[in-house]
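> With these hints in hand, go ahead and build the complete structure from the sequences.
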Amino acid sequence: MKVTIRYAAQARVATGVPVEEVELDEPLTIHDLVIRLARQHGSAFRRLALDANGCPHPSLLVAIGDDQVRPGDHRKVVSGETITIITPISGG
Amino acid sequence: MSNIDMKSTKRSLNARTRRALSAEERAVYEWQLTVAGFGEAGQQSLKSATVLISRVGGVGGVAATALAAAGVGRLILAHEGNVKPSDLNRQTLMTADWLGKPRVDSAARRLKAMNPRLAIETVNENIGEDNVDRLVSSADLVIDAAPLFRERFLLNRAIVEQGKPMVDSAMFELEMQLTTIVPGKTPCLTCIYPGDPPGWKRQFPVFGAVAATIGSLAAMEAIKVLSGLGEPLLGRLLLADLRDMSFRTVQLKRNIHCLVCRDRNP
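Those protein sequence lines, which keep their order, are chains A and B.
With the numbering used here, letter number 89 in the first sequence gets 89, and the count goes up by one each step, no holes.
With the numbering used here, letter number 16 in the second sequence gets 16, and the count goes up by one each step, no holes.
Hints are not guaranteed to be accurate.
Said to hold, decoys possible - Distance windows between CB atoms, simulated: (1) B:S138 to A:K2: 50 to 56 Å; (2) A:R36 to B:R248: 21 to 27 Å; (3) A:R75 to B:R248: 19 to 25 Å; (4) A:R75 to B:A96: 49 to 55 Å.
Stated by the list, open to error - Here are some, though not all, of the chain A residues that point toward chain B, as calculated from beta-carbon distances under 8 Å: (5) Q68; (6) G72; (7) G80; (8) I86; (9) T87; (10) S90; (11) G92.
Think of the hints as simulated: they come from the structure by calculation, not from any bench.
Where is the CB? At the ideal position from N, CA and C, for every residue including glycine.
Below, the structure is given as structure tokens:
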């Protein structure tokens, strides 16, 4: 199954891609998908995506389609879905 | 579209006593007085309102300009420090002849030149533990345009405790995020981001035009909330990317375990 991953803000900079298609052998939970993506990309993205315990960082903002889900959510992604991974940004 | 009860939100936000308009004000605001759903009552709501703006840099300065032009009655501008050369790519209330002098004074003089009826309180401090409760209590609405998450989370805690609406604005490179928080009705900032993000740096890449865009959008949200116009971004996060001019909203979820608002939301 294929899902589309969009990266925003520092996540886009850290991965170097705004969007990519990812082939999954089996449906993954959001929790496991974030860990898989963190392993796939370099250390800069891993530092943003994972906490000290190797779990999805709670301050990541994740959306499936247009709905927010918690980064540690155990909802499984479905083939064809678009998942957006957003890092917090601020003013200035 | 948000599933939050907009009618009750508008009623509660417009419960303040409205101040009548002068003939001069009717002349100044005649272009916006004819906006459907706004009218004289909307203008009176703006005139009667006080808005606290946390930092008047690239985002907050443009928001302050738009609110001053729109006829908001009183602005509280909180921003510590003096104008630096690196401010001038985006902080449009600062000028080269004001380098080394307080940012809030530069902002105030320029806003007053545009709108002499505007009341301004300048605070040469950033939001901190010592001033946040007083400043939020003095305002009807808050615009969060601060770069540091410590300040943003302090504001969030205070607006939740005091039941004040807050427009939360952010930018990075050509991207922008915006949401409007109404305590008791929407997720709060800590529901969205429960703690300091990893690797956040005080200085980040951005264009002044991006700051001006998100500052204008934040001001429009404030005008909508204060006047009851349209549908603010309640429980929705605007994600915009000026690289490809894409604008979309994500429906936000309350965090039932949120340490700030879990006891205050229904």
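> Per the hint of 19 to 25 Å, is the separation of the Cβ atoms of R75 of chain A and R248 of chain B within bounds?
At 20 Å between Cβs, range holds.
> Using Cβ atoms only, decide whether T87 of chain A comes closer than 8 Å to chain B, and label the hint accordingly.
holds, 6 Å
> Against chain B, is Q68 of chain A within 8 Å by beta-carbon distance?
Given a least distance of 5 Å, the restraint on Q68 of chain A holds.
> Can the hint on S90 of chain A be confirmed by a CB-to-CB distance to chain B that is less than 8 Å?
holds, 5 Å
> Can you verify the interface hint for G92 of chain A: is its Cβ closer than 8 Å to any Cβ in chain B?
With Cβ-Cβ at 4 Å, under 8 Å, it holds.
> Does 21 to 27 Å hold as the CB distance between R36 of chain A and R248 of chain B, or does it fail?
holds, 25 Å
> Would you say the C-beta atoms of R75 of chain A and A96 of chain B sit inside 49 to 55 Å of each other?
holds, 53 Å
> Per the CB criterion, is G80 of chain A less than 8 Å away from chain B?
At 18 Å from the nearest chain B Cβ, G80 of chain A fails the 8 Å test, so the hint is violated.
> Is 50 to 56 Å right for how far apart the beta carbons of S138 of chain B and K2 of chain A are?
With a Cβ separation near 53 Å, S138 of chain B and K2 of chain A satisfy 50 to 56 Å, so the hint holds.
> May I ask you to test the interface hint for I86 of chain A with respect to chain B, counting a Cβ-Cβ separation under 8 Å as satisfied?
Where the cut-off is 8 Å and the nearest Cβ of chain B is about 7 Å from I86 of chain A, the hint holds.
> At a threshold of 8 Å, is the proposed contact between G72 of chain A and chain B supported by beta-carbon distances?
violated, 11 Å
Checked against the numbered hints above, the structure violates hints 6 and 7; every other hint is satisfied.
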